[in-house]
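Q: Residue numbers (the numbering used here), protein chains in the order written: chain A, 1 to 285; chain B, 1 to 287; chain C, 1 to 385.
Quick caveat, the hints were computed from the structure, so don't treat them as lab data.
Any given hint could turn out to be false.
As the list claims (entries may be wrong) - Pairs of lysine to aspartate or glutamate, DMTMM-like flavour, derived with a Cα cap of 20 Å:
| # | chain 1 | residue 1 | chain 2 | residue 2 |
| --- | --- | --- | --- | --- |
| 1 | C | 196 | A | 146 |
| 2 | B | 53 | C | 276 |
| 3 | C | 237 | A | 139 |
| 4 | C | 79 | C | 315 |
| 5 | C | 99 | B | 81 |
| 6 | B | 53 | B | 68 |
| 7 | C | 237 | A | 66 |
| 8 | C | 138 | C | 251 |
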Amino acid sequence: MGSFFHRHKGTTPYLLLAPGVLWLAVFFLIPLVFLGYESLQSGLFPDFRFTWEFSNFSNGISDYHEQFVRSFVYAGIATVACLLLAYPLVYWIAFRAGPWRNLFLLFIVAPFFVTYLVRTLAWLNILADQGPVVGILRDLHILGPDGRLLATTFAVVSGITYNFFPFMALPVYVSLEQIDPRLLEAAKDLYASPGQAFLRVTLPLSAPGIVAGTLLTFIPAAGDFINAALLGTPNQAMIGNVIQAKFLESLDYPSAAALSFILMGLILVALLVYAKIVGSERLTG
Amino acid sequence: MTSLAATPTRARRGLGARAWAFAKRHALTVYALLVVGYLMLPIAVVILFSFNKPAGRFNYVWEEFTFDNWIHWNSVLGIQDAVVTSLEVGLVSTVVATALGTFIALAIVRHRFVGRGATNVLVFLPMSTPEIVLGASLLTLFLNTTTVFQLGFITIFIAHVMFIVSFVVVTVKARLIDFDRHLEEAAMDLGANEVTTFRKVTLPLLAPAILAAALLGFALSIDDFVITYFNAGATQTFPIFVWGIARVSVPPQVNVVASGIFLIAIAIALGNVYWQYRSAKRTTGAG
Amino acid sequence: MTMRMTRRALVQRGAAGVTVLSLPGILAACGGGGGGGGGGGEVKDVLNFSNWELYIDIPSTRKAAGLTGPTTLQQFTQKTGIKVNYYEDINGNPEFFAKVQGRLRQGQGIDRDIIVVTDNDRFLSDYIENGWAEKLDKSLIPNIDNLIATQASPPFDPKREYTLPWFSGMDGIAWNSDVTGPVTTVTQLLEDPSLKGRVGVWNQMGDTIGLVMLENGDDPAKVTDASFDRAIARIEKAVKAGQIRRFYGNDYAQPLQRGDLAASMAWSGDILNLGDPKLKWVIAKAGGIIWTDNMLIPTGGSVPTASTYMNFVYDPNIAAQLALGANYISSVKGVPQEAAKLDPKAADNTLVFPTDDMLAQMHQNDPTMFTNPDYNKRWLAVQGK
């Protein structure tokens with residue numbers, strides 16, 4: 001059986017689990033219960049009353065469906081962009097980088113060491129309307145004479161892509177790195193072209209990494225509000241901005257709580273659909 | 001005549017084909033370098049402008065080079081407190097979260113017990129919840145229990161441990177699953193009891209994973225904005241400080257602190273890489 | 001005696017960053033709960049003052065205004081021996097309120113003796129009506145007589161029992177003359193296609209809606225559903241057309257200077273503070289909004305210490321230094337004359353010392369607008385939130 005603590009077989013796992021699970025129960029589950037309670041309240045700050053106010057949910061969807069859809073669309077595009085940008089890079093690192101591997105992995109993670117806000121503010125500098133980047137693009141006629149990069153959907157999605165890049169790159173790298181090179185040799189021996197070897201050996205074997213990366217990127221991206229706040233116009237507002245405003249500006253806690261649950265619910269639905277498509281063992285690993 | 005005509009054509013095709021083959025072989029490398037350039041561009045800008053001496057209130061035009069900002073990095077009101085708070089919270093929450101997470105990982109991987117599946121799900125859930133929901137729900141808890149929890153350092157600490165634990169579990173679990181139990185069994189066969197075996201065999205072998213989890217946790221804590229934003233009350237961590245001061249103007253000292261954190265993190269990471277390289281050399285022998 | 005000592009202990013421990021979790025300690029220190037229990041006691045040796053950014057004189061602004069000597073905070077310490085912990089942690093009225101309301105609701109202090117809250121939003125009234133403001137000790141503020149007549153009796157504090165003005169400011173329009181010609185009307189701001197995507201407005205209802213109402217010919221001091229509808233409709237149109245880049249807080253100044261914004265609704269003092277010749281500011285043709293930031297003592301703050309400070313800044317000479325050093329409008333009598341004595345040139349600045357003509361173009365907001373939940377919801381909705 002290999003079990004160590006044969007004398008205390010029963011209680012050991014529970015003892016080990018207790019502190020951590022307790023922490024999560026008190027500070028993750030219970031807050032969600034509170035949030036649920038609050039989502040069914042009504043009234044104006046600071047006098048909220050519990051009134052089974054399910055209209056918070058229906059109003060949430062009808063008033064903000066635009067922001068919900070937008071959030072999922074932006075997160076989706078950013079996730080795909082991350083995948084397309086990251087895959088060749090990590091492929092190169094896994095198979096071609098040789099001794100420089102760790103250095104380039106460091107490059108992927110490095111942006112993370114500069115505070116999220118500071119990196120996003122740096123993009124504000126780089127992409128400024130009167131800055132060099134926009135200037136060059138205007139000269140090349142990629143942008144019109146009045147064109148700009150900031151305060152656009154492009155800027156917001158790019159910001160999300162940039163900020164969540166490592167979440168996609170690293171899991172994909174891990175799964176690529178684990179591929180036994182002998183499999184690729186075998187494919188070559190069997191007269192596969194490099195393209196075929198990639199499509200039929202490498203890509204499928206890297207699927208778990210792609211799945212993990214997609215989840216780790218999409219989920220936080222859907223709830224993000226910083227990129228939309230700093231890099232977009234009100235027409236780019238995501239559901240995260242709405243929730244943040246309701247909690248911290250209009251102090252409309254019931255509505256904010258309801259929106260939070262709707263967001264979680266939608267993500268869960270997306271997760272289930274995704275799990276169905278890719279097979280659920282890959283998810284919880 | 002055919003041979004004369006053929007030679008230049010073949011040479012030309014040879015050059016073109018060679019160039020194409022060269023491009024194909026190195027395209028991926030060029031691409032990789034371009035992407036890395038894209039990733040590092042904002043960071044380069046941040047570090048560069050930390051050495052700038054802005055003419056006015058705003059730091060976006062290069063004026064002149066100066067070390068002043070680095071020397072007087074704490075001359076901006078509130079920045080030192082914010083950095084110290086970030087470091088303190090990071091340290092304390094990382095230690096606690098790493099301990100809690102490691103225990104959970106050990107329990108999940110090494111034991112079969114009722115509720116194992118549910119525990120797995122419970123641990124996975126915070127990672128799959130958007131930060132804004134995590135932060136907001138925790139705020140709701142604190143607002144309804146203000147006699148016990150006042151928004152401030154304690155609530156930030158609680159929030160950070162909560163969201164770091166899941167990452168620790170995943171990291172340590174991955175290592176535990178591949179763990180070679182034979183060494184432990186050998187130790188037991190040689191007379192060590194469970195506790196001694198754990199202390200002298202399991203833990204040291206697990207140490208790199210635990211360290212990696214701790215580093216990850218610390219990085220997450222230092223950088224966290226959204227969850228902290230909801231639960232900090234009037235206390236400021238560095239990201240919260242940046243958000244506040246960005247409303248008016250970002251002084252170069254913010255760049256300095258951000259660059260400083262970055263450089264220290266890089267140094268630690270490089271040190272880790274070097275240490276792994278050295279220990280790999282030692283175990284596999286020279287060369 | 002016991003109450004004073006436990007209150008002092010609470011403030012000191014709080015200031016040392018230790019969260020006070022002991023229930024008995026908190027209950028003992030709170031005594032009578034929200035609003036009451038304040039006052040009593042002596043002047044402390046530390047004042048904790050929360051304010052907005054760039055809202056007080058600092059060495060560089062003093063130099064620019066031709067003032068010499070230590071800052072007013074330092075002068076205060078020299079005169080009274082009270083050290084000031086000055087925090088620039090107020091970035092927005094709703095955000096700050098959200099940060100502190102939890103503790104205030106429980107009758108606990110927030111480790112501050114003075115905070116500064118704007119009057120053209122709901123929060124100033126909220127603090128007072130919820131009992132989260134301590135009454136001033138007017139016996140320690142003889143200089144209160146220097147308060148100008150127009151500020152003597154505001155709707156949120158008719159007897160000036162809880163608040164005293166810090167600075168007033170004017171809402172107008174600023175533009176970057178490097179990227180655009182003059183922008184002098186709200187209509188231009190919202191509808192001129194050459195400015196598309198480069199226009200900024202505020203995320204504060206009173207300021208933005210106020211200016212738009214004036215442009216519509218409505219009175220911002222008497223808001224009706226119809227006038228609100230008209231104002232919101234215009235802003236909505238501008239947002240949908242992509243005219244408005246963002247709804248800014250204090251942070252429009254940098255994009256404006258950079259040229260990311262061609263024109264923006266702007267506060268008088270901000271543009272002055274930047275001192276950049278290419279940035280111009282005017283009162284909009286239809287008129288402007290004037291607002292006042294007020295000092296307030298939150299629950300748990302030390303009334304004697306705070307009152308002493310308030311008295312200090314209501315001395316006309318000190319008030320003049322503050323006005324010159326922060327570039328905002330003072331509510332203290334005799335300030336223009338004192339300022340002229342300190343620096344004749346700076347005293348000509350009509351943005352800090354507005355003429356009667358300018359003041360005649362100013363209007364105030366209707367306080368009932370801020371607590372109307374429908375208006376609030378629609379205001380957020382127009383921002384995409």
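Q: None of the hints should be skipped; say for each whether it holds.
A: Okay, the hints, checked on the actual structure:
| no. | hint | verdict |
| --- | --- | --- |
| 1 | C:196 x A:146 | holds, 10 Å |
| 2 | B:53 x C:276 | holds, 17 Å |
| 3 | C:237 x A:139 | violated, 32 Å |
| 4 | C:79 x C:315 | holds, 13 Å |
| 5 | C:99 x B:81 | holds, 18 Å |
| 6 | B:53 x B:68 | holds, 8 Å |
| 7 | C:237 x A:66 | holds, 17 Å |
| 8 | C:138 x C:251 | violated, 36 Å |
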